[in-house]
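Peer 1: Dock chain to chain to rebuild the complex, using the hints, since each chain is given by itself in its own frame.
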Amino acid sequence: MKGNVRKIAIFGATSAMARGAARRFASEKAEFVLVARSAEKLDAVKADLLAFGAARAETVLCDLSDVAAQAAALDAVWNALGEVDAVLVAYGSLPDQKACEADTALAMREFANNGSSAIALCNEIGKRLEAQGRGCLAVISSVAADRGRESNYLYGSAKAALATFVDGMAVRLSKKGIRVIDVKPGLVSSPMTAHLKQGPLFASSDKVGAGIAKAIADGKTEGTLYLPGIWALIMFVVRHVPYFVFKKTRF
Amino acid sequence: MTVCSWGKYPKVEAAAVQHLAWRHEKIDFDPATSFLAHGMGRSYGDSCLNEGGTLLMTRGLDRFVSFDPETGDLRVEAGVTLEEILRFALPRGYFLPASPGTCHVTVGGAIANDVHGKNHHVAGTFGCVTDEFTLLRSSGEILRCSRTENAGLFRATIGGLGLTGLILDAKIRLRRVRGPFLNVKTIQFGSLREFLQLSKELGTKYEYSVSWVDGTAHGAQLGRGLFMAGNHSDLTVEERKEPFVPKLVFPCEAPEWLLNRATIRAFNELYWRKTVGRAVEGVQHYVPFFYPLDAIENWNRMYGKRGFFQYQCVLPFGDGEEACAELLRRISAYGKGTFLSVLKTFGDVESPGMLSFPRKGITLALDFANEGKETLDFLSMLDGVVAEAGGALYPAKDARMDEAMFARSCPRLAEFVKYKDPLFSSSLWRRLGEPNFGKGA
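From first to last, the protein sequence lines stand for chains A and B. The opening residue of the first sequence carries number 18 in the working numbering; numbering runs sequentially from there. The opening residue of the second sequence carries number 138 in the working numbering; numbering runs sequentially from there.
Derived from the structure by calculation, the hints contain no laboratory data. Keep in mind that this is a model prediction, so the values were computed, not measured. All C-beta atoms, glycine included, are put in the ideal place defined by N, C-alpha and C. One should not assume that every hint holds.
Claimed, not checked - Heads up, incomplete: computed chain B residues facing chain A, CB under 10 angstroms, no partners named:
no.: 1; residue: V154
no.: 2; residue: H156
no.: 3; residue: L157
no.: 4; residue: R160
no.: 5; residue: H161
no.: 6; residue: D165
no.: 7; residue: D199
no.: 8; residue: S203
no.: 9; residue: R212
no.: 10; residue: E221
no.: 11; residue: F225
no.: 12; residue: V554
no.: 13; residue: K555
no.: 14; residue: Y556
no.: 15; residue: K557
Unchecked claim - Only pairs whose alpha carbons sit at most 30 angstroms apart, straight line, appear in this in silico DSSO-like list of lysine-lysine:
no.: 16; chain 1: B; residue 1: K145; chain 2: A; residue 2: K224
no.: 17; chain 1: B; residue 1: K337; chain 2: B; residue 2: K322
no.: 18; chain 1: B; residue 1: K378; chain 2: A; residue 2: K224
Chain B with its partners taken away, still in its complex shape (with noise of 0.2 angstroms):
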C-alpha cells in the first residue's frame, strides 16, 4: 500500500497497514519486519514512513481513558487528535496547553514529534505538558513512563520519532480558559532586527505569539512581516457568537505551472498588505487564530503531485540572528519560498526530550515545492548556513538532509539509540543510516 506524508514526497510501499482500534489487542511483533505507528500523517517528511515495513495505524485508539473536571487532567488513548480533544474541553472550561499549527495530529504523534506551538517561549512543548504515558515495546512488554518513573525511556519516546515503541496512552494537563476566543493584535514590523526586539517586548505580555515573514521581499524590505501575539479573551460563548468558520477544500492537486515566482510574490504583498497601519487590534476566535490553514482541507495539494519540502531550522539569538537575515537575503533570491512563511522566538523552558527540536533561538518555517534537484542543492545550501551558526533542523519536517546535520541537530543521539526499540524503524532513521554508536546491529 502506497503511503505519503503532508509533504506528499517521498510516496513509500508499507509491506503491511494494520488498523489497531483497541489499547489491550495483542500485536504480533514479527522480528523479520518494522513497525512503526501512523497516526494522521501530518509530518512533512519521511518521519512517518516505514517503506517495506508495517504501519500500525493507530487512529482506531480514539478513546478518552480520564478527565478530572476539578485539575484539568485528561488521559486519552493515542490516536485521539487534538481537535477531538478541543471539541471536549472547550465547553468543559479547558483549552490545550501546546498546539501546533494544525488540530489534525494525534496525541500520540504530538508527543512523538514534541511538537510546539504558538506559547512556546511560556509553556514549551508538548513534552512539557504531558505527564505521563504508556509505551508497548516489541517485547511484548507495556511500561508506564513519566518523569519519575522510566524516566530515560519517557524522555526518549518524546520527540523520539516514534522508534521507541508504540504510544498507547498519555494524560495531559489541560489549561483553564473561559470561552474560545482570544485578544489579538497585529503589528508590521520591517525587518528581523524590529521582529527581535517586538517578540523581547512583547513576550512577556502575550501568551501566544508567531510572525509571518515575507519570503520574497529584498533590500530594504527584507525581513519584513506581521508580528501576531494573542491572549485568552474572558469573553464567553454566551457573551459573543462564535463565527461561522467556512470549510473549503483544495479539491485536487493544482497544476505545478500555479506557483511560481510572480504568483508567490503577489500572494505574499497582498498578506503584507492585509493589516492596514501598523497595528491591529481586535477579538478572534481560537479556529483562525491558532488553525488558520486547517480551514482549507488538503491544502497539500497546491503544490501538486510533486509534494513540497518545509524547511524549519532553529538558529541561536546573537550569532544566529545574522544568519537568519542570511537565509532570508538566500530564499528571497531564491524566489521560490511560498508564502507560508513562519518565524517565532523559542524561550527558556527546556524540551524534555532527548531528540526534542525545540531550543532557545529564532526558528524559522517556510515551504517549498519540490523541483527535483534543483530545490534539494538549495536547501542543502541553506543547511550550509544553519550549520555554520550551530542552528538545528526539525526532523518532523525533513525528507532530505544528510546525517551530518542530522546529528547536528540532535546532539543526543547517542543517549537516545540505548532506548530505540530494535523492532521500531521508519523511512527516516533508514534514511540518515540508523545511527547505533557502537551499540550492536
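Bound-form chain A, shown alone (with noise of 0.2 angstroms):
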C-alpha cells in the first residue's frame, strides 16, 4: 500500500510524530531527506529509519524558523531526490503562553516559528509540487487551531494562520492532481508535551504518526484530517459551544 510513496522529504524531521510516520514508509525501503535544526537529532532518526529498513536517509541542517534559509534546503532536497512523492511538515514548539503574553518579541517569534515560516515553507513546497505536476504534501497543524483557549491562544493562532493557510492551498492544488493535507492531531504524548499530565485522551505520537503515513499513502485523502479521529467530534462540539459557557471552561 505504501509502495507507491518511495521519495519522501520531512521538515521538522526530529519530531516524535513525523518519526511515527517515516517508519511506516522506512519498512518499505523509501528513500529520504530529512531536515532540521540539530544534527545530533538527525542522526538520531537517521539511524532508526535505516535500522527499520529505509534505503536511503540524507539529512540537511537547516533553521525552518529562518524563512530565508529555507531555499537552501528546499535546494538540497529537490536535488538528493529528484521527484518527491511525499512532504511532510512536521516542525513547531509549544511556547509558554504566559511568556509570551509578557514578551511580544517573543510572542512574534513564537508565532513565525508555528505559523508564519511555516506558511512560507509550504508556499513553495507548493510551487515545487505544481512543476512536478504530482505528489503530496502533509502539514501538521493544531486542534489548538480550531479555538483560542486561554492556556495556549498564541500557539493556537499560529496553527490557525497555517491550518487556513494549507486548507486554501489544499483546494487550490487538487485541481492540478496534488493532495494536501491538514493534520491536526489532538493530544500527543511526546516529548513536547511531557511535561503535561496524561490523561485518557492522549494519543501516542507512534499513533499518530500511523495515521499520517496512511492518508498520505492512500491516495486519496486531502483538506482537514483529524488523528485520532475521535478529535474531528470533540473539535466540532468545541467550535460550537457558545462564549458564554467556553469562558467557563478550563482547558
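Peer 2: Shown next as C-alpha cells:
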C-alpha cells in the first residue's frame, strides 16, 4: 500500500510524530531527506529509519523558522531526491503562553516559528509540487487552531494561520492532481508534551504518525484530517460551544 | 510528584522527574541529589523508585539504532519496549530471544533487572542475550560495556537494579522465527513431584515452559497445577490468520473485599478445570501464550488502592524441593495467595549479572494483596523457609525483605558495590541499608 510513496522529504524530521509516520515508509524501503536544526538529533532519527529498512536517508541542517534559510534546504531536498512523492512539514514548538503574554517579541518569534515561517515553506513546496505535477504534502497543524484557549492561544493562533493557509492551498492544488493534507493531531504524548499530565485522551506519537502515513499512502485523503479521528467530533463540539459557556471551561 | 511501581506499594514522592528524549542530551548530575532511571515502572516493589531524588524517565529514548537483517543483531535506545521490538521483529522473521511475562517493559529495565522468561532453561536471562550496552555515569563518562570491554561494569549493570548509571542503548541478538504462532501443550500435574518430573522430561523437548500452581489446594491436591510448554510453530501469517486479541482495561481500582478466600479459591478451581482431561495440545498465538496478563490493561488495579506484593523466590533442587512444598502448604493455609501463581525450573545457563536473580533451581512466584502487618509477617515467615533452604528472593519484585535476606539473595554484593555509581540510588537500595562493605561513604 505504501509502496508507491518512495521518496519522502520531512521538514522538522526530529518531531516524534514525523518519525512515527516515517517508520511506516522506511519499512517499505523508502528514501528520505530529513531536515531539522540539530545534527545530533537528525543522526539519531536517520539511524532509526535505516534500522527500519529505509533504502537511504540524507540529512540537511536548517533552522526552518528562518525563512531566508529555507530556499537552500528546499534545493538540497530536490537535488537529492529528484522528484518527491511526499513532503511532511512537522516542525513547531509549544510556546510558554504566559511568557508570550509578557514578551511581545517572544510571542512574534513563536508565531513565526509555528505559523508564518511554515506558511512560507509550504508556499514554496506548493510551487515545486506544482512544477512536478504530482505529489502529496502533509502539514501538521493542531486542534489548537480551532479555537483560542486561555492556556495556549498564541500557539493556537499561529497554527490557525497555518491551517487556513494549508486548507486553501489544498483546494487550489487538488485541481492539479496534488494532494495537500492539513493534519490536526489532538493531544499527543511526545517530548513536547512530556511535562503535561497525560490523561486518557492522549494518543501516542507513533499512533498519530501511523495515521499520517496511512493518509499520505491512501492516494485520496486531502483537506483537514483530525488524528485520532475522534478529535473531529470533539472539535466540532468545542467550536460550537457558545462563548459564555466556553469562557467558564478550563482547558 | 508521587510515583509508584506496578505493585502500587510503596507510593513515594520523587523530588524531580526528568523526561529524557535524546541520548546525546547532557544531564546535570547535581551531587546534592540522587538519580535513578525509570522506564515503564513495571518492577513490583521499590527498585524503580527514588524517594526524594530525581527519576530519569527513559521512555523518550525510544529510537532504534541499527539492525542487521542477516544476523538479527539489534541495537536500540534504552527506552524502547519489548512490545515495540516484537512489532518490529516479527514481520522481519525474528522474535525476542528472552522475554518476561509482560512485554510492557523497556530494554533498559530488562537489563537492570536481568529479567527471565519461559525459555530460561534454554536461553538464560535477558542479560545472556545482551551483547553490549552504553552506560552513562554521573561523572559524565560514557562507557561501552560488553563481555570484553569494561567487563566488570557489564556484569554489575546486568541485574544491577539501575544503580550503576544510566543505560543509553543496548545491543541484543534476536532469534529467528517463521511466524507468530506456537505449538502448545498443557498438562495437568497433581503434585510438586509430578511438576519436577514433567520439567525434566519436557525441558529438552520444549523451548518454553511455565506452570501455574493452585495456591489454594491442600491435602492430597497440594501442588496441583498446569504445565504449559511450547515451541515456535512453522506456521506463517499467510497460512493461519492472526487472531483478534481483545484489549480489556481494568477500569478503576477494585474494592478491597473483592479478593477474599472464597473468590480466590473459586478462581483457582475454575483455572484448574480449564484443561479438560490430562493433556491438551494446540496452536496458539504468541500474545496469549507469553503475555496473558497484558490482555488486561492495569490489571494491578484488581488489588485496589492498597496495592500488593509479589513474592518470587528460587530454591535449589534437592533440599529446596521439600522447602517448596512447605511454602505451598503455608500459602494454602494462609488462603490469600492469589491465582497468579507461577512455578518454573531455572536451568544451567548462568546469569551474567553479579546481582542476577535466576540461578539453578525451582522458582515460585505469587501475589498477595497488601493487608498491612498481617501480610508482611506472613511473607517474613516465608523468608525463613526460603533462607533455611539456601534460596533467594528477586529484588525487582521486592518491597519488604530485610538486609539479611538481601545479602543472602545477592551473594556477590561486595563485588557489586565497587561498580555502583556514587550518585545513583533507589528507594530499595536505601531500604536495604546501602551496603558499602567499607568502600567509604
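Peer 1: Evaluate each hint against the coordinates.
Peer 2: Now the hints, each set against the structure:
Interface hint status for V154/B: upheld, as the beta-carbon distance to the closest one in chain A is roughly 9 angstroms, under 10 angstroms. Interface restraint check: H156/B against chain A, minimum CB-CB distance 4 angstroms, threshold 10 angstroms, status holds. Here the hint on L157/B is kept, as its CB sits about 9 angstroms from the closest CB of chain A, short of 10 angstroms. Interface restraint check: R160/B against chain A, minimum CB-CB distance 6 angstroms, threshold 10 angstroms, status holds.
At about 4 angstroms, the closest approach between the beta carbon of H161/B and any beta carbon in chain A falls short of 10 angstroms, and the interface hint on this residue holds. Evaluation of the D165/B hint against chain A yields a violated restraint, the C-beta minimum of about 17 angstroms exceeding 10 angstroms. Because the beta carbon of D199/B sits about 8 angstroms from the nearest beta carbon in chain A, less than 10 angstroms, this interface hint is met. The criterion of a C-beta within 10 angstroms of any C-beta in chain A is met by S203/B, whose closest approach is roughly 5 angstroms, and the hint holds.
The interface hint given for R212/B is met, as the beta carbon of that residue sits about 8 angstroms from the closest beta carbon of chain A, less than 10 angstroms. The beta carbon of E221/B is positioned within 10 angstroms of a beta carbon in chain A (closest approach about 8 angstroms), and the interface hint is therefore held. For F225/B, the interface hint holds, the least distance from its beta-carbon to any beta-carbon of chain A being 7 angstroms, beneath 10 angstroms. Contact between V554/B and chain A, as hinted, is not supported at the beta carbon level, the nearest pair being about 33 angstroms apart and thus beyond 10 angstroms.
Checking K555/B against chain A by beta carbon gives a least distance of about 33 angstroms; that is not within 10 angstroms, so the hint is violated. Against a cut-off of 10 angstroms between C-beta atoms, the interface hint on Y556/B is violated, since the closest Cβ of chain A lies about 28 angstroms away. The criterion of a C-beta within 10 angstroms of any C-beta in chain A is not met by K557/B, whose closest approach is roughly 28 angstroms, and the hint is violated. At roughly 28 angstroms between alpha-carbon atoms, K145/B and K224/A fall within 30 angstroms of each other, so this suggested pair holds.
Using a Cα cut-off of 30 angstroms, the hinted pair K337/B and K322/B holds, with the two alpha carbons roughly 15 angstroms apart. This hinted pair checks out: K378/B and K224/A have alpha carbons roughly 23 angstroms apart, not beyond 30 angstroms.
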